[in-house]
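Take the given structure of chain A and dock chain B with the ligands to it, following the hints.
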Amino acid sequence: MAAMIETKKLEYTYPSVEEDGKATVALRGVNLSIEAGSFVVVLGHNGSGKSTLAKTFNAVALPSGGSVYVEGMDTKDETLLLAIRQRVGMVFQNPDNQIVANVVEEDVAFAPENLGVPTEEIRRRVDEALDAVGMGEFVRHAPHLLSGGQKQRIAIAGVIAMEPKCIVLDEATAMLDPIGREEVLSTVHRLNREKGITVVLITHHMNEAEDADRVIVMDDGLVAMDGAPQAVFSHVEELRSMGLTVPDTVALAYELGLDGLNVPLTALGVEECADAVAAALSK
Amino acid sequence: MLKDITLGQYFPGDTPAHRLDPRTKILLVIFYIVALFCAKSVVTYGIMILTLLVCVQISKVKAGALFRGLKPVVFIIIFTAVLNLFFTPGNYLFQWGPLHISDAGVRMAVSMVLRIMLLITGTFLMTYTTSPIRLTDGLESLLNPLKRLHVPVHELAMMMSIALRFIPTLIEETDKIMSAQKARGADFESGNLFRKAKALIPILVPLFISAFRRADELAVAMECRCYHGGEGRTKLHVLKFATRDWVALVCGTAIMVGVIVLRQFGM
Ligand SMILES: Nc1ncnc2c1ncn2[C@@H]1O[C@H](COP(=O)(O)OP(=O)(O)O)[C@@H](O)[C@H]1O
Ligand SMILES: [Mg+2]
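The listed protein sequences derive, respectively, from chains A and B. Count along the first sequence from 1, add 1227, and you get the number used in the working numbering. Count along the second sequence from 1, add 17, and you get the number used in the working numbering.
Quick caveat, the hints were computed from the structure, so don't treat them as lab data. We put the CB at the ideal spot given by N, CA and C, even for glycine. One should not assume that every hint holds.
Said to hold, decoys possible - Only some residues are given here: those of chain A computed to face chain B with a beta carbon under 8 Å:
no., residue
1, H1272
2, R1312
3, A1328
4, E1333
5, A1338
6, P1345
7, R1350
8, E1364
9, V1366
10, R1367
As the list claims (entries may be wrong) - Per label pair, the in silico range of CB-to-CB distance:
no., chain 1, residue 1, chain 2, residue 2, range
11, B, D31, A, G1496, 48 to 56 Å
12, A, A1229, B, A82, 19 to 27 Å
13, B, A214, A, A1263, 54 to 62 Å
14, A, V1497, B, T251, 47 to 55 Å
15, A, D1453, B, P223, 19 to 27 Å
16, B, A200, A, T1240, 38 to 46 Å
17, B, Q74, A, E1355, 53 to 61 Å
What the hints assert, rightly or not - Which stretches of chain A does chain B cover? Using the computed rule of at least three CB atoms under 8 Å from a CB of chain B, they are:
no., segment
18, 1318-1324
19, 1383-1393
Only chain A is shown next, with the shape it has when bound in the complex (with noise of 0.2 Å):
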């Protein structure tokens, strides 16, 4: 399948902040390929550069050194810059901090507005975008007035207006609750299932890397894992030096390999797990 973003030795370098002179090195030597239509979870500790590499994904950081392609187009090539930021939208971590106006059909309406879309079609895309997130009947609601998790959808929405081919969250789900975090992922499920839009999603809690195609682990400006997620959290140990968790399920699984029953470590799913611990202990 087409490459939907590709990294090629990808270095990223903060410039200097303080007097010291001292720039900070936030990605050296990334090479990624990610496929259009997964479902990608990046992990990694705080400082991981998990934020910065999001940001070279639509130009709004470009490389130190080496490249990114979205769509075999180059974030380096400002013609092309708001070509490349309609195909790969981003969600951040604090809603009220990207909601531009104050009704919510305003707000979805912002990226089209931008783009030129004739208004018809915005109206379209608005109406749309807002089912699609399953905000249809909040179109004239002030968006400070919704739960946390609406207002992220709103902002998912938003986004979605641009009818980009992949959505990058950035810890979007951090700052919400249990509810609003799984109203944000299931919404970014379907519309991968369903649009088959590209899904790069950042995140701390491990539970929500579950369900991902594919799980790549950040740690000091360099892939240190990539695969599916059975492989990559059963490697408990390595996770853990890196100053990150596994999912209860694995750790479950681990600590009773430890104790000497034979648990598998890629039951990640609870039935899945606990089936497999029932299946360990009747053997």
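For chain B with the ligands alone, kept in the frame of chain A given last:
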């Protein structure tokens, strides 16, 4: 307490006043203010009050909401009234030591108070019936000719609408910071004015820091949504003059001209 601020508040509705083009409403408010400052007799003030009452009736805004809008300026109104009442020379109606009330003073006080109240309720009536986005759209469109003089009209309108968008967010945040500081024993109520002002510093500093962070994040989020200035932008809601706008403008102009003419005749 901060929730009482009604500045720029909008009450959604579907009355003819809500449906008017924002440009019409801005122009009407300008006409209204001009007329108000020309009014100086019982007749002309009567016309202004009547105009406002009719507009209130059409917009179906609750009287309570209008009076709440006056609350922040009650002090100014009382101050103006007292000042005019006691310090205007004329035929004394009443004298008590150095204090005196003249007939001209009473007239001045009443007309000043009326003028301030009419001015504020009239302008608020516009913000109550127009969503901030439409208001800034209207301003942008009215000021569009200034673009030729290199006035950054789009940028100013965008700044204004974002400022309006963040008012509730920042008010909420101020409330939170105040509660947090109170929980740490901060005291905002007692002491003289100077001490009270000093007590605000622990609120303003975190508020400013967070506002800058928000601005930074918002700028990135806007760029991610392909914002690149006003060039080539289209609109979800295109402003269109309808028949009712022409009718409203004709009525507004008639009232303004009427008041000015009456003034020329000394009324
Ligand atoms: N605006 C910035 N200026 C300077 N350094 C930064 C900036 N943003 C991030 N960094 C640094 O870059 C590194 C990677 O940060 P980031 O990509 O935000 O990581 P993550 O999102 O995984 O927490 C960190 O060491 C961080 O301190
Ligand atoms: Mg981050």
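Verification of the hints:
1. H1272: violated (21 Å)
2. R1312: Holds, because the Cβ-Cβ distance from R1312/A to chain B comes to roughly 5 Å (cut-off 8 Å).
3. A1328: holds (6 Å)
4. E1333: holds (5 Å)
5. A1338: Hint holds; A1338/A Cβ to chain B Cβ min 4 Å, cut 8 Å.
6. P1345: holds (6 Å)
7. R1350: holds (7 Å)
8. E1364: With Cβ-Cβ at 15 Å, over 8 Å, it is violated.
9. V1366: This hint is violated: V1366/A lies away from chain B, its Cβ roughly 11 Å from the closest one there, beyond 8 Å.
10. R1367: holds (7 Å)
11. D31/B to G1496/A: 48 to 56 Å: Once the Cβ atoms are compared, 49 Å apart, the range 48 to 56 Å for G1496/A and D31/B holds.
12. A1229/A to A82/B: 19 to 27 Å: Violated: the Cβ-Cβ distance is about 57 Å, outside 19 to 27 Å.
13. A214/B to A1263/A: 54 to 62 Å: Hint holds: Cβ distance 59 Å, inside 54 to 62 Å.
14. V1497/A to T251/B: 47 to 55 Å: holds (48 Å)
15. D1453/A to P223/B: 19 to 27 Å: violated (40 Å)
16. A200/B to T1240/A: 38 to 46 Å: For A200/B and T1240/A the Cβ distance comes to about 42 Å; the hint holds.
17. Q74/B to E1355/A: 53 to 61 Å: Roughly 40 Å apart at Cβ, these two residues miss the hinted range, so it is violated.
18. 1318-1324: With 4 residues close enough to chain B, the hint holds.
19. 1383-1393: holds (count 3)
Figure legend: structure checked against the earlier numbered hints; hints not met, in rising order: 1, 8, 9, 12, 15 and 17.
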